[in-house]
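Chemist: Can you make the complete structure from the sequences, with help from the hints?
2 protein chains.
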Amino acid sequence: MRMQQLTQKARQAAGALALLGIEEKNGALQAIRSAILASADAIEAANQADLARSQAEGLAAPLLKRLKFDSKKIAEVISGMDSLLGLPDPVGRTLLATQLDDGLDLYRVSCPIGVIGVIFESRPDALVQISTLALKSGNAVLLKGGSEALETNRVLARVIGEAAGQAGMPDGWITLLETRLDVRELLDQDESVDLLIPRGSNAFVRAIMDNTRIPVMGHADGVCHLYLDAAADPAMAIRLSLDSKTQYVAVCNAAETILVHQSLAGDFLDELAGALHSAGVTLLGCEQTCARLGCAKVDNWHTEYLDYTAAVKIVSSLDDAISHINRYGSHHTDAIVTADQAAASRFLRAVDSGNVFWNCSTRFSDGFRYGFGAEVGVSTSKLHARGPVGLEGLVTYQYRLLGHGQIVADYASGQARFRHQPSGEAYPLQDR
Amino acid sequence: MRMQQLTQKARQAAGALALLGIEEKNGALQAIRSAILASADAIEAANQADLARSQAEGLAAPLLKRLKFDSKKIAEVISGMDSLLGLPDPVGRTLLATQLDDGLDLYRVSCPIGVIGVIFESRPDALVQISTLALKSGNAVLLKGGSEALETNRVLARVIGEAAGQAGMPDGWITLLETRLDVRELLDQDESVDLLIPRGSNAFVRAIMDNTRIPVMGHADGVCHLYLDAAADPAMAIRLSLDSKTQYVAVCNAAETILVHQSLAGDFLDELAGALHSAGVTLLGCEQTCARLGCAKVDNWHTEYLDYTAAVKIVSSLDDAISHINRYGSHHTDAIVTADQAAASRFLRAVDSGNVFWNCSTRFSDGFRYGFGAEVGVSTSKLHARGPVGLEGLVTYQYRLLGHGQIVADYASGQARFRHQPSGEAYPLQDR
Chain X
1095 MRMQQLTQKA
1105 RQAAGALALL
1115 GIEEKNGALQ
1125 AIRSAILASA
1135 DAIEAANQAD
1145 LARSQAEGLA
1155 APLLKRLKFD
1165 SKKIAEVISG
1175 MDSLLGLPDP
1185 VGRTLLATQL
1195 DDGLDLYRVS
1205 CPIGVIGVIF
1215 ESRPDALVQI
1225 STLALKSGNA
1235 VLLKGGSEAL
1245 ETNRVLARVI
1255 GEAAGQAGMP
1265 DGWITLLETR
1275 LDVRELLDQD
1285 ESVDLLIPRG
1295 SNAFVRAIMD
1305 NTRIPVMGHA
1315 DGVCHLYLDA
1325 AADPAMAIRL
1335 SLDSKTQYVA
1345 VCNAAETILV
1355 HQSLAGDFLD
1365 ELAGALHSAG
1375 VTLLGCEQTC
1385 ARLGCAKVDN
1395 WHTEYLDYTA
1405 AVKIVSSLDD
1415 AISHINRYGS
1425 HHTDAIVTAD
1435 QAAASRFLRA
1445 VDSGNVFWNC
1455 STRFSDGFRY
1465 GFGAEVGVST
1475 SKLHARGPVG
1485 LEGLVTYQYR
1495 LLGHGQIVAD
1505 YASGQARFRH
1515 QPSGEAYPLQ
1525 DR
Chain V
1095 MRMQQLTQKA
1105 RQAAGALALL
1115 GIEEKNGALQ
1125 AIRSAILASA
1135 DAIEAANQAD
1145 LARSQAEGLA
1155 APLLKRLKFD
1165 SKKIAEVISG
1175 MDSLLGLPDP
1185 VGRTLLATQL
1195 DDGLDLYRVS
1205 CPIGVIGVIF
1215 ESRPDALVQI
1225 STLALKSGNA
1235 VLLKGGSEAL
1245 ETNRVLARVI
1255 GEAAGQAGMP
1265 DGWITLLETR
1275 LDVRELLDQD
1285 ESVDLLIPRG
1295 SNAFVRAIMD
1305 NTRIPVMGHA
1315 DGVCHLYLDA
1325 AADPAMAIRL
1335 SLDSKTQYVA
1345 VCNAAETILV
1355 HQSLAGDFLD
1365 ELAGALHSAG
1375 VTLLGCEQTC
1385 ARLGCAKVDN
1395 WHTEYLDYTA
1405 AVKIVSSLDD
1415 AISHINRYGS
1425 HHTDAIVTAD
1435 QAAASRFLRA
1445 VDSGNVFWNC
1455 STRFSDGFRY
1465 GFGAEVGVST
1475 SKLHARGPVG
1485 LEGLVTYQYR
1495 LLGHGQIVAD
1505 YASGQARFRH
1515 QPSGEAYPLQ
1525 DR
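Here the protein sequences line up with chains X and V, keeping their order. The working numbering numbers the first residue of the first sequence as 1095 and each following residue consecutively. The working numbering numbers the first residue of the second sequence as 1095 and each following residue consecutively.
Check each hint, because a few of them may be wrong.
A pair holds if it fits inside one copy or across any two, identical chains being indistinguishable in the list.
[Claimed, not checked] Straight-line C-alpha distance at most 25 Å; calculated SDA-like pairs for lysine to any residue:
hint : residue 1 : residue 2
1    : Lys1162   : His1396
2    : Lys1103   : Gly1197
3    : Lys1159   : Glu1256
4    : Lys1162   : Arg1440
5    : Lys1167   : Gly1121
6    : Lys1162   : Ala1506
7    : Lys1166   : Asp1504
8    : Lys1159   : Ala1503
9    : Lys1162   : Ser1507
Keep in mind the hints are simulated off the structure, nothing from the lab.
Modeler: What follows is the structure in structure tokens.
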């Protein structure tokens, strides 16, 4: 009952948000920006409490690092908001315009999705990022963060909610959920929640999908591959292997598996292994790799190591590499290193992933690097939004048809005929 | 096990289809077109058997009409294929192009979704329509039609599959499913099926959503509204009411409920009721309507009558109308009749439906009338594709990044900087 009330209130808020213009939304973002800066001490104090509790509970060091929300993180979040403020309104864009007949004009216009539920991991900056993206795109949002970050999230949600409220945003546009029971109940609210965005492991995202009829845009594992083709430049192949694997190992777009064409399985393989070893990477391999390098065998090609570990497999052909990726990958980011354009073209077209790269590091798949200015995350779902998701991923569209009393009977009888002329015009009704 | 084999075969076929160019796909469509014409006698004979069996089993007349697949229907299907042949390739379109840096070019390119499961009602023409749309967009398809149309669907699927196979399409791109057990098993194949398109009642679509983690693009009920605003032109209001309600009552974009502003609840309401009565429409009403017109009360405002029945409700304001529509409608198609542009603008923006119209009939929401040239159906889902779904609804996109050995470490250290320049260029690698 409580959850139904919360989501229905969010639904009402979404109705009000959909009618706002960019000035009002940016005004609220400015107010949130100021409020976060003004509340920096309270936010850091809450985060200290979270850190102390989590440390006492034995949270692992990398997770503690992600939990930390200090003045440096606040500065990053503010800088993210500045770039968000500079982006155009994603709502009200004309995506298609067709004159169906004289005085009968069809427009496909972008509009908010409505109510979005987000379930995210420990980083508190995600709360600021996602709620401000939701506001700019006119969506109400229900957020459930990690329990480690409870105090930080509480302060952030309160500061954001109050500042936005004072700037005229409707009550209920942002709601912080705190328990697993909340999440379970949220999954049942398909009448008033339009989209769920879970960010976590594959198993977590699948568990969400199993228990809801709300559409899910998953942000799951990255089992990313780098394929070193027969025609790869050896120096480039080693440089890209190092960057893809080691530039930041704990992220989803780091490479987990390096596929090596069999023609490179001799001296080059030794050189590659040496370079990776020097960078601190432990190698696991297929039978042939292990025979040559004396490393341990790969246990499961589906594994996301998120660590200084790489799996190496010798493949017999380009198509063998493509098959391996489509079978074992997570459809996140996969790259080919080759000087052969035809091989690159085939790879990019045949690999069924959101991001497919030629001669560059897998680490480039990211909304900021792509120039989107803001990022919800990297979607591993195939529909609606795929790959890095910016503001565009938080809107949908409506068809709006403006007429002068036209009826279908006239077109059915042949008295009137459709013209179907692309008009290139922008949707004209911008009043509210 | 059998279903897993079928869907994995479809997945392999999808991999091959993704690599085909428009000439090959259009060649196969031409072959299918010829084969359907050459097999017209066999198709009609199978349909006669379906009709005879269904008549004996007491199938209702409107459903028998939908089941009928005679020379006229074949001609329609062929004409639909002709327009599909004329459409450009939906695959390989450049949707975004950004130069991230010198020699580091990002493209968002449309690509097939992969494997699509479609569960549709009795009309056998849907089988031809959907399978040819899937082929043109490079998708493999598993189809389950109504059991009434079993013989017709068998012949059609065989003729289409054989013709496409002879034209070089991969084995397994089209599969006809025949039993409910098949559908149940299909719902479990989330590893190899990318999208489900159920066409049927709301309850049917919800039942599908309850039992799968595959994304669902629902084609469900149309509880469409026509709102006659205070500033409506009376003659236009009556003309649009008649067309929206009676031009074809058995379809999803026919209006079910007419909302009337209270300022029109006097003489105009009598006139409207008279016009609808003359057209054979039975009226149901809210309390106030019933008091004036002496009609029966509406039982449930969620009802899709699909018949010569209309519900009439007096509303006190524009926002009252919007609230009613967002609460009781099915987010399909809703129209306002008004001379007041501000009222129209607010209505179009606040009504949360795939199609929102000003001063024209609800019956216009249709892929052919919109000029899409071909139609999967009208999606009542909010994400991926909304409203009439043409070829575009059967593709997704990939990000393709073409580099020259760039690594992220150089950008992280500040040695290199992103440029993020929109390039407007088309994706250059069109070889396969």
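Chemist: Which earlier hints can't be squared with this structure?
Modeler: Hints 1, 2, 3 and 4 not satisfied by this model.
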